[in-house]
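Undergrad: Sequence:
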Amino acid sequence: MTVSKLPSRHALVSSEKYCLVCSDHFSFSEDRFSRVSNVDPVFELTGKEKSTDEEGFLDADLTLAEAMWLARILRGNGIRSVPVPACYRQIRITQDVAKDVARNHINRIRFDRQDVDCSDVEEISLPWAISRVAYGFISKSERMRIEGRSPAGLTLCVDRVSGRVLSPRELLNIELMQMLIE
1 MTVSKLPSRH ALVSSEKYCL VCSDHFSFSE DRFSRVSNVD PVFELTGKEK STDEEGFLDA
61 DLTLAEAMWL ARILRGNGIR SVPVPACYRQ IRITQDVAKD VARNHINRIR FDRQDVDCSD
121 VEEISLPWAI SRVAYGFISK SERMRIEGRS PAGLTLCVDR VSGRVLSPRE LLNIELMQML
181 IE
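Heads up, the sequence shown is in full-length UniProt numbering, so the first residue is 1 and it goes up one at a time.
Rather than coming from a laboratory, the hints here were simulated on the basis of the structure.
Only a predicted model underlies this, so the values are computations on that prediction, with no experimental measurement involved.
Mixed in with the good hints there might be a few duds.
Computed Cβ-Cβ distance ranges for the label pairs, DEER-style [what the hints assert, rightly or not]:
#1 D59 to M179: 23 to 29 Å
#2 I109 to L172: 19 to 25 Å
#3 S34 to R149: 49 to 55 Å
30 Å max Cα-Cα, derived DSS-like pairs, lysine-lysine [said to hold, decoys possible]:
#4 K17 to K99
#5 K17 to K48
#6 K99 to K140
#7 K50 to K17
Every residue gets a Cβ at the ideal spot worked out from N, C-alpha and C, and that includes glycine.
With the hints as constraints, model all of the structure from the sequences given.
TA: Right, dumping it as structure tokens:
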């Protein structure tokens, strides 16, 4: 998929349903969930037959509140999970396309601000919750390193579905959601 063929933002936002992406593979039919599945209405909504797929997605169409509640219950059972819009379980851009998006973003910054001395982008690891929805890149800056800034460069997170560079506010929302669950 090329950058020019990425789905539009409107096409991605139209779904208000959420699923969970989890750190471990499991099924609600396991014994450890038997007690909570009998008393919790959100577990009842999802059904005892639900299990995570090979990528860790729990395929359940939930509201955000239900998904956060379920994530909190899973956390109590030692499973990290984060609610993500349901579209994340199906559509994905490749890391190469995401790297092209990050590279184009840095090139626009270089063009707009001649004083920016950023290098080409390199892949980096991201915190677990953010890594489930975005690819991470850094464009290092010698000037920032000399000034003692950390990280010495621009960190970019490219959405795994839309291919957009995520804003600081979008990243904060992911982190806040994770904090509310914990």
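Undergrad: Indicate, hint by hint, whether the structure satisfies it.
TA: So, going through the hints one by one against the coordinates:
1. D59 to M179: 23 to 29 Å: Cβ of D59 to Cβ of M179: about 25 Å, so the range 23 to 29 Å holds.
2. I109 to L172: 19 to 25 Å: Check passed, 21 Å falls within 19 to 25 Å.
3. S34 to R149: 49 to 55 Å: 51 Å, holds
4. K17 to K99: Within the cut-off at roughly 28 Å; holds.
5. K17 to K48: 19 Å, holds
6. K99 to K140: Status holds; Cα separation ~15 Å.
7. K50 to K17: 16 Å, holds
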